[in-house]
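Q: Chains A and B, in that order, give the protein sequences. All residue numbers for the first sequence refer to this note's numbering, where the first residue is 1 and numbers rise by one. All residue numbers for the second sequence refer to this note's numbering, where the first residue is 1001 and numbers rise by one.
Hints should not be assumed to be uniformly reliable.
No more than 35 Å apart at the CA atoms, straight line, and that leaves these computed lysine-lysine pairs for DSBU-like [said to hold, decoys possible]:
| id | chain 1 | residue 1 | chain 2 | residue 2 |
| --- | --- | --- | --- | --- |
| 1 | A | K223 | B | K1040 |
| 2 | B | K1048 | A | K269 |
| 3 | B | K1040 | A | K4 |
| 4 | B | K1068 | A | K31 |
| 5 | A | K223 | B | K1068 |
| 6 | A | K137 | B | K1033 |
| 7 | B | K1065 | A | K269 |
| 8 | B | K1065 | B | K1048 |
| 9 | B | K1068 | A | K2 |
| 10 | B | K1074 | A | K215 |
| 11 | B | K1040 | A | K269 |
| 12 | A | K4 | B | K1048 |
| 13 | B | K1040 | A | K2 |
| 14 | A | K2 | A | K269 |
| 15 | A | K6 | A | K216 |
| 16 | A | K278 | B | K1040 |
| 17 | B | K1074 | A | K269 |
| 18 | B | K1040 | A | K216 |
| 19 | B | K1065 | A | K2 |
| 20 | A | K215 | B | K1040 |
| 21 | B | K1048 | B | K1074 |
| 22 | B | K1048 | A | K223 |
| 23 | A | K31 | A | K107 |
| 24 | A | K223 | B | K1065 |
| 25 | B | K1048 | B | K1068 |
| 26 | A | K269 | B | K1033 |
| 27 | A | K40 | A | K4 |
| 28 | A | K276 | B | K1068 |
| 29 | A | K276 | A | K223 |
| 30 | A | K216 | B | K1065 |
| 31 | B | K1033 | A | K278 |
| 32 | B | K1033 | B | K1065 |
| 33 | B | K1040 | A | K6 |
| 34 | A | K278 | B | K1048 |
These aren't lab readings, by the way, just hints derived from the structure by calculation. On a predicted model such as this, the values are computed, not experimentally measured, just so you know.
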Amino acid sequence: MKIKRKLLLSYLLIVGLFIAAGVTITYNTMKMAELQSNVKTQIEINDNTYAFQRGLDQKQFGTLMYCTDNSAQGEQIIVDSAAIMVPAQEYLLTALESNGTLLAQFKQAVSLDTYQINGAITQAYTITIGSASAEEKYTQIWGQLTILMAAVAQADQKLADVRSTTAANVASASTEAQNYANISLVIAVAFLAVITAVSVAMSVIMGNRITGPLKKLADIAQKVSLGDMNQRYYLKQEIDVKTGDEIDELVNAFRRMINAFRMTEALSKETEAEEKGKQ
Amino acid sequence: MTIEIDALAVLAEDLGPAARQFLTRQTRNHLGKEPGALQKTDIDELAKWCSIGIQSALGAQIAEKVKKGLLALK
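One chain only, chain A, in its complex shape (with noise of 0.2 Å):
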């Protein structure tokens, strides 16, 4: 293999190590970003949830004030509830729509809101305006009120388990995202340290590969230049290392015209020799 595309290969290699560690992280980090936004519509859902549960307890509030001769404030104050609770229950059906079990449940409020404590309220109403006696009109008006809060009791039950399994699962999220940030630190650490390795090690092997046989090289040539002839053979032992690259070549280069002076001088001795008998 030529110098080059080892050299190619070693950097293909780190470079590889990197886009693995670059995927990797960054999978975790879209992860993160994916739970991080799960864990924003949970936070969202809780704080609709609670507006509603604050609603429900207003409007109760609301109707012990208007069914104790406060009816104007009672009144506003339930009107207020509406407004707190409808956009919060508007939201809550639509987000809550990809979980069954939370949307069932608020469902179950919601139809406790509707019927039972809408209900109470305009019986106590009617109950208010009508022609009773003060004695019998306390005794229908707390019958009702007793139904109201014991629904409002119910619909709260029903929201609170609500908030608690969208707490629950903040939590889930929290954690998870947590476990992906520390696994992205340990994997970067770990990447580094396999990288910086890899990378000193192969500079040392490639640097030893390439600069050891032209070392000895550079030696044996400074020795043949000087007139020993007989490096042939320190060429053979020191450098006859088959890398397949250019370094072989030049050795077998270098072997090729050692070999072509010693020839030459033998055959300039052999010719010598001839004349001389010749003489």
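Please arrange chain B on chain A, whose structure you already have, making use of the hints.
A: Below, chain B alone, put in the same frame as chain A:
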């Protein structure tokens, strides 16, 4: 290609620029002809004398290698 060129190619592999001078000498001195006049029938004799000449100057290993190379030209 002539036998001369083929033989030179074999010899140049180990003798480099001295190949032509060596071939001329061995052909003239031992086969009694010019390299350009070499025939296939001369190859055995040529291989023998080249091997002998190389063995004394460069050793038996190269001599054997060259001999095999020349005999392969037959």
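Q: Each of the hints needs a verdict: does it hold here or not?
A: Now for the hints, and whether the structure bears them out:
1. A C-alpha spacing of about 41 Å is found between K223 of chain A and K1040 of chain B, which places the hinted pair above 35 Å, so the restraint is violated.
2. Among the hinted pairs, K1048 of chain B with K269 of chain A is consistent with the structure: their alpha-carbon atoms are about 21 Å apart, no more than 35 Å.
3. For the suggested pair K1040 of chain B and K4 of chain A, the alpha carbons sit about 43 Å apart, so the restraint of at most 35 Å is broken.
4. Restraint check for K1068 of chain B and K31 of chain A: the C-alpha separation of about 69 Å exceeds 35 Å, so the hint is violated.
5. Distance hint between K223 of chain A and K1068 of chain B is fulfilled; the C-alpha atoms sit about 32 Å from each other, no more than 35 Å.
6. For a cut-off of 35 Å, the pair hint linking K137 of chain A to K1033 of chain B is broken: about 146 Å separates their Cα positions.
7. For the proposed pair K1065 of chain B and K269 of chain A, the alpha carbon gap of about 24 Å is at most 35 Å, so the pair holds.
8. A C-alpha spacing of about 12 Å is found between K1065 of chain B and K1048 of chain B, which places the hinted pair at or below 35 Å, so the restraint holds.
9. Distance hint between K1068 of chain B and K2 of chain A is fulfilled; the C-alpha atoms sit about 29 Å from each other, no more than 35 Å.
10. At roughly 42 Å between alpha-carbon atoms, K1074 of chain B and K215 of chain A are farther apart than 35 Å, so this suggested pair is violated.
11. Taking the CA atoms of K1040 of chain B and K269 of chain A, the gap is near 30 Å; set against the 35 Å cutoff, the hint holds.
12. About 42 Å separates the Cα atoms of K4 of chain A and K1048 of chain B, which puts this hinted pair outside 35 Å; it is violated.
13. Restraint check for K1040 of chain B and K2 of chain A: not satisfied, since their Cα atoms lie roughly 38 Å apart, outside the 35 Å limit.
14. A threshold of 35 Å between alpha carbons decides the hint, and for K2 of chain A with K269 of chain A the separation of about 40 Å lies outside it, so the pair is violated.
15. A threshold of 35 Å between alpha carbons decides the hint, and for K6 of chain A with K216 of chain A the separation of about 21 Å falls inside it, so the pair holds.
16. Between the alpha carbons of K278 of chain A and K1040 of chain B the distance comes to roughly 33 Å, so the proposed pair stays at or under 35 Å and holds.
17. Restraint check: the Cα-Cα separation between K1074 of chain B and K269 of chain A comes to about 32 Å, which is no more than 35 Å; the hinted pair holds.
18. Note on K1040 of chain B and K216 of chain A: the hinted pairing is violated, with a Cα-Cα distance of about 42 Å set against a maximum of 35 Å.
19. Taken as a hint, the K1065 of chain B and K2 of chain A pair is honoured in the structure, with Cα atoms around 26 Å apart against an allowance of 35 Å.
20. About 45 Å separates the Cα atoms of K215 of chain A and K1040 of chain B, which puts this hinted pair outside 35 Å; it is violated.
21. Taking the CA atoms of K1048 of chain B and K1074 of chain B, the gap is about 14 Å. The hint holds against a cut of 35 Å.
22. Among the hinted pairs, K1048 of chain B with K223 of chain A is consistent with the structure: their alpha-carbon atoms are about 33 Å apart, no more than 35 Å.
23. In summary, the hint linking K31 of chain A to K107 of chain A is supported, as the alpha carbons are separated by about 31 Å, within the 35 Å threshold.
24. Distance restraint check for K223 of chain A and K1065 of chain B: the Cα-Cα separation of roughly 27 Å lies within the 35 Å cut-off, and the hinted pair is therefore satisfied.
25. Proximity of K1048 of chain B to K1068 of chain B is assessed by CA-CA distance (about 10 Å); at most 35 Å being required, the pair is judged to hold.
26. Simply put, K269 of chain A and K1033 of chain B have alpha-carbon atoms about 22 Å apart, close enough for the 35 Å limit, and the pair holds.
27. A C-alpha spacing of about 53 Å is found between K40 of chain A and K4 of chain A, which places the hinted pair above 35 Å, so the restraint is violated.
28. Distance restraint check for K276 of chain A and K1068 of chain B: the Cα-Cα separation of roughly 34 Å lies within the 35 Å cut-off, and the hinted pair is therefore satisfied.
29. Annotation: proposed proximity of K276 of chain A to K223 of chain A holds, straight-line Cα distance about 31 Å (limit 35 Å).
30. About 26 Å separates the Cα atoms of K216 of chain A and K1065 of chain B, which keeps this hinted pair within 35 Å; it holds.
31. Annotation: proposed proximity of K1033 of chain B to K278 of chain A holds, straight-line Cα distance about 21 Å (limit 35 Å).
32. With a C-alpha separation of about 24 Å, the suggested pairing of K1033 of chain B with K1065 of chain B holds against the 35 Å cut-off.
33. With a C-alpha separation of about 44 Å, the suggested pair K1040 of chain B and K6 of chain A falls outside the 35 Å cut-off, and the hint is violated.
34. Between the alpha carbons of K278 of chain A and K1048 of chain B the distance comes to roughly 26 Å, so the proposed pair stays at or under 35 Å and holds.
Violated hints for the displayed structure, listed by number in ascending order: 1, 3, 4, 6, 10, 12, 13, 14, 18, 20, 27, 33.
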